[in-house]
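S.K.: What follows is each chain in one-letter form.
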Amino acid sequence: MNAPLKRLTYIYFALLGLLALTVALSQVPLGTFAGPLALTIAALKAILVARDYMKLKTEPAGLQVIALAPLFWVGVFIALVWADVLMRGSVGIPGK
Amino acid sequence: MKNRVPAGLLGMWVFLASEVLFFSTLILAFWVYRHEWPVEFSDGVRHMDLIAGSVNTAVLLTSSWTMALALASSPRWKGRLLVLTAFLGAVFLVIKGSEYFMHARDGMLPPISWSPPQSAPAFKLFFILYFLITGLHALHLSIGIGCVLWARLRMALRREVSETLLENLGLYWHFVDIVWIFLFPLFYLIGGHA
Numbered sequence: 076m077n078a079p080l081k082r083l084t085y086i087y088f089a090l091l092g093l094l095a096l097t098v099a100l101s102q103v104p105l106g107t108f109a110g111p112l113a114l115t116i117a118a119l120k121a122i123l124v125a126r127d128y129m130k131l132k133t134e135p136a137g138l139q140v141i142a143l144a145p146l147f148w149v150g151v152f153i154a155l156v157w158a159d160v161l162m163r164g165s166v167g168i169p170g171k
Numbered sequence: 014m015k016n017r018v019p020a021g022l023l024g025m026w027v028f029l030a031s032e033v034l035f036f037s038t039l040i041l042a043f044w045v046y047r048h049e050w051p052v053e054f055s056d057g058v059r060h061m062d063l064i065a066g067s068v069n070t071a072v073l074l075t076s077s078w079t080m081a082l083a084l085a086s087s088p089r090w091k092g093r094l095l096v097l098t099a100f101l102g103a104v105f106l107v108i109k110g111s112e113y114f115m116h117a118r119d120g121m122l123p124p125i126s127w128s129p130p131q132s133a134p135a136f137k138l139f140f141i142l143y144f145l146i147t148g149l150h151a152l153h154l155s156i157g158i159g160c161v162l163w164a165r166l167r168m169a170l171r172r173e174v175s176e177t178l179l180e181n182l183g184l185y186w187h188f189v190d191i192v193w194i195f196l197f198p199l200f201y202l203i204g205g206h207a
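Just so you know, the sequences run in chain order A and B.
Per our numbering, the first sequence runs over residues 76 to 171.
Per our numbering, the second sequence runs over residues 14 to 207.
In case anyone wonders, no lab produced these hints; they're calculated from the structure.
Keep in mind that the hints are not guaranteed to be accurate.
According to the in silico footprint, chain B covers these stretches of chain A (three or more CB under 8 Å from chain B) [to be verified]:
# : stretch
1 : 77 to 88
2 : 109 to 121
3 : 143 to 150
4 : 162 to 169
Straight-line Cα separation of at most 30 Å, BS3-like style, residue types lysine-lysine; simulated pairs [said to hold, decoys possible]:
# : chain 1 : residue 1 : chain 2 : residue 2
5 : B       : Lys91     : A       : Lys81
6 : B       : Lys137    : A       : Lys130
7 : B       : Lys109    : B       : Lys137
8 : A       : Lys130    : A       : Lys171
Because the structure is a prediction, the values reported are computed rather than measured.
Just so you know, even glycine gets a beta-carbon here, dropped at the ideal spot from N, CA and C.
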């Protein structure tokens, strides 16, 4: 097996390892940390797939910006939705 | 020009950017409702089959590996690995389908079959979102399987299959994998088994 194929295979083993880790951790009572931990592991897996399998690592910077731009929009989206959900009812609306 | 990106590849990335926003809307809706009704949503997670979900995640990760290998391999191996990738995608759909069947049998397939073990409206909402989001993911995967087999058929018929087309197929396939990477903890892990 040549070097690029080997690397793709190592990434695959890392992905399976992270899957095993997240399933094992889901059986441990972690309380409020369970969610953030599971999502962090999911993000690590996504980074590996995007960086190595989707070859983002070796693409020109311009394409990397286009590929990662939606993360910024999703971030704005998440922030505004949670600002609304968490603050609803706690700010007085004049006339209501 | 150095660093020039083929138009087709750029188009695919812009398409995937819109897909990121599409799925993140659905996931965020699920997240907000889970925040509103944590008990019912945790109950929903406990009704998922963790083994089936874990095996399916492994199957999809393996299909991404075979897809990446296909694009990096010689023409002789490319075709075989593409077929293997499509086959693994089909295995995922069969396992997912069997889970759907079990939920329907147990009366948890709203609105067709709804006689659940607990009657809270938020529990129903969990299952509506589950079927909607995983169903849309399965639809994306089905389209991916069709496109991979179509490309393989063209190769077999000695028609032209450009490098950019294969690269785009790979990008789409890996994207569908990434969507599942996030759906798996949301529906199977968080709040359910600890």
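S.K.: Against this structure, judge whether each hint is valid.
M.R.: Cross-check of the supplied hints:
no., hint, in the structure
1, 77 to 88, "holds (count 6)"
2, 109 to 121, "holds (count 8)"
3, 143 to 150, "holds (count 5)"
4, 162 to 169, "violated (count 0)"
5, B:Lys91 <-> A:Lys81, "holds, 16 Å"
6, B:Lys137 <-> A:Lys130, "violated, 40 Å"
7, B:Lys109 <-> B:Lys137, "holds, 19 Å"
8, A:Lys130 <-> A:Lys171, "violated, 54 Å"
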